[in-house]
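Number of protein chains: 2
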Amino acid sequence: MNDIPENSDSGGGRRRRGGGGAAARRAVRGSGQLASHRFITRKLAPFEVLGEEGLALIEANADRLLAEVGVEFREDEEALSMWRAAGADVDGERVRFPVGLCRSLLKSAPARFTQHARNPERSVEIGGDSTVFAPVYGPPFVRNLDEGRRYAHIEDFRNFVKLAYMAPAMHHSGGTLCEPVDLPVNKRHLDMLHAHIRYSDKPFMGSVTHPERAEDSVAMAKLVFGDAFVDDNCVLISLINANSPLVYDSTMLGALKVYARAGQATVISPFILAGAMSPVTVAGTLTQILAEAMVGMAFAQLCRPGAPVVFGTFASSISMQSGAPTFGTPEPSLVLYGAAQLARRLGVPFRSGGSLCGGKVPDAQAAYESAQTLLPTVMAGVNFALHSAGWLEGGLVSSYEKFVMDADQLAMMQRFAEGVDLTENGQAFEAFGEVAPGGHYLGCAHTQANFETAFYRSPIADNNSFEQWQAEGSKTAEQRANTIYKQWLKDYEAPAIDPAVEEAVGDFIKRKKESMPDAFT
Amino acid sequence: MNDIPENSDSGGGRRRRGGGGAAARRAVRGSGQLASHRFITRKLAPFEVLGEEGLALIEANADRLLAEVGVEFREDEEALSMWRAAGADVDGERVRFPVGLCRSLLKSAPARFTQHARNPERSVEIGGDSTVFAPVYGPPFVRNLDEGRRYAHIEDFRNFVKLAYMAPAMHHSGGTLCEPVDLPVNKRHLDMLHAHIRYSDKPFMGSVTHPERAEDSVAMAKLVFGDAFVDDNCVLISLINANSPLVYDSTMLGALKVYARAGQATVISPFILAGAMSPVTVAGTLTQILAEAMVGMAFAQLCRPGAPVVFGTFASSISMQSGAPTFGTPEPSLVLYGAAQLARRLGVPFRSGGSLCGGKVPDAQAAYESAQTLLPTVMAGVNFALHSAGWLEGGLVSSYEKFVMDADQLAMMQRFAEGVDLTENGQAFEAFGEVAPGGHYLGCAHTQANFETAFYRSPIADNNSFEQWQAEGSKTAEQRANTIYKQWLKDYEAPAIDPAVEEAVGDFIKRKKESMPDAFT
Numbered sequence: 001m002n003d004i005p006e007n008s009d010s011g012g013g014r015r016r017r018g019g020g021g022a023a024a025r026r027a028v029r030g031s032g033q034l035a036s037h038r039f040i041t042r043k044l045a046p047f048e049v050l051g052e053e054g055l056a057l058i059e060a061n062a063d064r065l066l067a068e069v070g071v072e073f074r075e076d077e078e079a080l081s082m083w084r085a086a087g088a089d090v091d092g093e094r095v096r097f098p099v100g101l102c103r104s105l106l107k108s109a110p111a112r113f114t115q116h117a118r119n120p121e122r123s124v125e126i127g128g129d130s131t132v133f134a135p136v137y138g139p140p141f142v143r144n145l146d147e148g149r150r151y152a153h154i155e156d157f158r159n160f161v162k163l164a165y166m167a168p169a170m171h172h173s174g175g176t177l178c179e180p181v182d183l184p185v186n187k188r189h190l191d192m193l194h195a196h197i198r199y200s201d202k203p204f205m206g207s208v209t210h211p212e213r214a215e216d217s218v219a220m221a222k223l224v225f226g227d228a229f230v231d232d233n234c235v236l237i238s239l240i241n242a243n244s245p246l247v248y249d250s251t252m253l254g255a256l257k258v259y260a261r262a263g264q265a266t267v268i269s270p271f272i273l274a275g276a277m278s279p280v281t282v283a284g285t286l287t288q289i290l291a292e293a294m295v296g297m298a299f300a301q302l303c304r305p306g307a308p309v310v311f312g313t314f315a316s317s318i319s320m321q322s323g324a325p326t327f328g329t330p331e332p333s334l335v336l337y338g339a340a341q342l343a344r345r346l347g348v349p350f351r352s353g354g355s356l357c358g359g360k361v362p363d364a365q366a367a368y369e370s371a372q373t374l375l376p377t378v379m380a381g382v383n384f385a386l387h388s389a390g391w392l393e394g395g396l397v398s399s400y401e402k403f404v405m406d407a408d409q410l411a412m413m414q415r416f417a418e419g420v421d422l423t424e425n426g427q428a429f430e431a432f433g434e435v436a437p438g439g440h441y442l443g444c445a446h447t448q449a450n451f452e453t454a455f456y457r458s459p460i461a462d463n464n465s466f467e468q469w470q471a472e473g474s475k476t477a478e479q480r481a482n483t484i485y486k487q488w489l490k491d492y493e494a495p496a497i498d499p500a501v502e503e504a505v506g507d508f509i510k511r512k513k514e515s516m517p518d519a520f521t
Numbered sequence: 001m002n003d004i005p006e007n008s009d010s011g012g013g014r015r016r017r018g019g020g021g022a023a024a025r026r027a028v029r030g031s032g033q034l035a036s037h038r039f040i041t042r043k044l045a046p047f048e049v050l051g052e053e054g055l056a057l058i059e060a061n062a063d064r065l066l067a068e069v070g071v072e073f074r075e076d077e078e079a080l081s082m083w084r085a086a087g088a089d090v091d092g093e094r095v096r097f098p099v100g101l102c103r104s105l106l107k108s109a110p111a112r113f114t115q116h117a118r119n120p121e122r123s124v125e126i127g128g129d130s131t132v133f134a135p136v137y138g139p140p141f142v143r144n145l146d147e148g149r150r151y152a153h154i155e156d157f158r159n160f161v162k163l164a165y166m167a168p169a170m171h172h173s174g175g176t177l178c179e180p181v182d183l184p185v186n187k188r189h190l191d192m193l194h195a196h197i198r199y200s201d202k203p204f205m206g207s208v209t210h211p212e213r214a215e216d217s218v219a220m221a222k223l224v225f226g227d228a229f230v231d232d233n234c235v236l237i238s239l240i241n242a243n244s245p246l247v248y249d250s251t252m253l254g255a256l257k258v259y260a261r262a263g264q265a266t267v268i269s270p271f272i273l274a275g276a277m278s279p280v281t282v283a284g285t286l287t288q289i290l291a292e293a294m295v296g297m298a299f300a301q302l303c304r305p306g307a308p309v310v311f312g313t314f315a316s317s318i319s320m321q322s323g324a325p326t327f328g329t330p331e332p333s334l335v336l337y338g339a340a341q342l343a344r345r346l347g348v349p350f351r352s353g354g355s356l357c358g359g360k361v362p363d364a365q366a367a368y369e370s371a372q373t374l375l376p377t378v379m380a381g382v383n384f385a386l387h388s389a390g391w392l393e394g395g396l397v398s399s400y401e402k403f404v405m406d407a408d409q410l411a412m413m414q415r416f417a418e419g420v421d422l423t424e425n426g427q428a429f430e431a432f433g434e435v436a437p438g439g440h441y442l443g444c445a446h447t448q449a450n451f452e453t454a455f456y457r458s459p460i461a462d463n464n465s466f467e468q469w470q471a472e473g474s475k476t477a478e479q480r481a482n483t484i485y486k487q488w489l490k491d492y493e494a495p496a497i498d499p500a501v502e503e504a505v506g507d508f509i510k511r512k513k514e515s516m517p518d519a520f521t
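For the protein sequence lines, the chains are V and Y, in the order given. Read left to right, the first sequence gives residues 1 to 521 (the numbering used here). Read left to right, the second sequence gives residues 1 to 521 (the numbering used here).
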């Protein structure tokens, strides 16, 4: 892999001692693989698809939508009371919002915040000019070249935690890297959180499938970071999906309340397949996304003013013939850019994008679609990019091979976002004095001084001659990626952890598991 | 394919009657496939990677490079005399340029121009906010799934002309779609030009392998368009590579002189693998590109003031380990964006990018790399994008399957560049009144009214369920593309052509072929 300097940006918030730093540095020296970027600090201004007029139009439409149609808060009396108290018009479960109410509540939301990792060298900044890559979230299946497609197990989950830990430009350990369906539904969150805590020292996500599991996530985080630290700092970020169109359900609201009240971050994400869950146009979809995200983030501020929130959106389109979701097409890309602009105007961090695709295998379709999502993700200025590696088959599958392929692309994006080096060395004017017209630069002193870091080196791309490629077995990218992910798992060394923390976490899990029978639905 | 309206932008310059329009329209109605976009008119502002300070720095370095080091014009006394007369400092074959000389000469170059097609509905605008896609140029090999990789023949060339004709978002017929190595080196340009003229009615490129072949290209164009029209209008665009670093050779200069004096467009393209043919940094490479392009374009203005020129660059990086060219990596992407900015400041059209890749087969590597070149191509505001479909294996191979895969991506880019529809229908506010929270939009009136054109539909991407995909043979994108390119060739119908033109072109080719013996080197 590349020779990668650690990101030197200092994180906000208080720093903690972490156990993994020294081990991580040893691993770097040992394998040459573990130097991790902390996050991306973009040197390039985001690409924009809407002008002031378009943005104002969509904002006005969203305000009107919230005032006239409103949002349903289902099976959550407390939420309805809170909205009533805040001045919203509550009619049954339908809440309508006077123009300006949500924006006014959102004033307490931070524009950026630090999510702390147990290794402070891996804490991330979320917001502003930073981009944080997190892995795929949610698939019940896994795929690899050896076994094909099958249900995911906890061992796969641990493998993906390890791969995310090994990937230099993967800044985050993520959440449900795959759904370990071999474990009871009501207990698997404990093993998933354990894997993030034990097998990585990057920041991670909390459980949202039940308010009690959110409570467990906060409790386990306190064992790792300490009670007081967790109350004052963000150590968990969790994914709260709106039930689009215009509904929040009690499960998500329950988890949201737990995290917001604990001062932990929530990513409020309308999950939209445009044409089914939102109008069939880009501007209409943006209107709905803005309305839903504003309401969810404002609700988090009602729970605890100042609770970190992220304006999220997962938006794709559908095939109008079959109803199947489609990825990497132009309309979702326009939605992504537009939503990023709307989030910036609200002054909150933004989550969207990733390496999304509908491809069933890591072939050209999967790669085109992923690149057509990832590039917009970076160029729109996304702050938190879930699904940035490993996503396959519309999110039904976590792919081992695609994980390392995508990770390669992430590392390229890390480099791209640095922009153009305009130092004297970057200008390279002395090289022109060394090389005459018609000569070549390979051997010149400037090239020699820079060749190690000059160009991004992909571990997966084969740039050899056709003959050499043939002699090596005419392998596809998928076949090479198969070799690489296995090598990463072989090279993996767990980061060090304070034994007292490890024991406390283990005890907590044991106690919780013993406290209730297994449930499989 | 999509329901695609023809581009309604009116082309500049005088319009001619063409023979293909009616046939083309018939073909559209017949197969539903041939509605072609004329070119892209970008509604989105280009992405920029350099600020004013960086741009001025690179411009100053380029000026200094031209004044201090200069450029060699090899084996062309006439060119040296012309430079001497223009005020340059000529020392042997080395020409040094007083600061400002090239910029001053470039004032006569048009900011944008029309390249006429024999079917005026397919004429393209090159410059400003337009983007024209042209196919792969130059490979000696072809590849398809049935035969693997083999040398290219004239029949392949004709097939690629037909595929380019069939692809809705391929605006141009291109030039050397593949090198027909079965034909004599000194005559194959005649058959290639014939194929462009006969099997397509999109605009095409001239031969540059010998000044006499450039003369033939102009002569054949005159048979198609008429002598007077060719003298007053651009009907050919031709690729002139600088021999980087800082050399123009007599072959390229010879062709350049023919085309410029005939008032035809040249794309002056430093061909650079950074680290070998330019310094190993982005800013250093940009400096050299600017210097070389300015000199070549200024020379075209010396040949005929007002001759249309395009600031071209083909720039990629190399593996510093093996010296092999690499594609789709971040540094060439930064070069592309930066060079586009420099061209805009010069006020001339810009050529770069395409769907470049180093992959040997149309797999995930090829697709990631291609997307990582094509998206920057569009977002940088490239005006003429050679290699936009079919390029494989670092340009050694024209791939049938990749051609249709890339063409699919081009059609997506065409849609993306339209930006966000902010009309009342685009805002879709009435849809919110139709669908209650928790409902779905599939059946609502607004969706019904828009579903046919709402989202881009890929003919290659498989978005069906895993089970259906499996039942249909678990095909990769490459396998599906194999079926599609064959279908396109089957559906292809030649556009109509004036029989007198066809006969005149045929006679010319016959006479030329008989005038000299075959040569194979």
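There may be inaccurate statements among the hints.
Any copy, or any two copies together, can satisfy a pair, since identical chains are not distinguished.
Listed next, the in silico DMTMM-like pairs over lysine to aspartate or glutamate satisfying Cα-Cα at most 25 Å (straight line) [claimed, not checked]:
(1) K510 - E212
(2) K222 - E75
(3) K510 - E72
(4) K187 - E452
(5) K43 - E59
(6) K43 - D232
(7) K475 - E59
(8) K486 - E215
(9) K512 - E467
Please keep in mind that the hints were generated in silico from the structure rather than gathered at the bench. Owing to the predicted nature of the structure, the values given are computational and were not obtained by experimental measurement.
Results of checking the hints against the structure:
no. : hint        : result
1   : K510 - E212 : within (16 Å within a copy, 84 Å between copies)
2   : K222 - E75  : neither (30 Å within a copy, 77 Å between copies)
3   : K510 - E72  : neither (38 Å within a copy, 77 Å between copies)
4   : K187 - E452 : neither (48 Å within a copy, 46 Å between copies)
5   : K43 - E59   : between (28 Å within a copy, 21 Å between copies)
6   : K43 - D232  : neither (30 Å within a copy, 46 Å between copies)
7   : K475 - E59  : neither (50 Å within a copy, 44 Å between copies)
8   : K486 - E215 : neither (35 Å within a copy, 58 Å between copies)
9   : K512 - E467 : neither (59 Å within a copy, 38 Å between copies)
Of the hints listed earlier, those the structure fails to meet are numbers 2, 3, 4, 6, 7, 8 and 9, in rising order.
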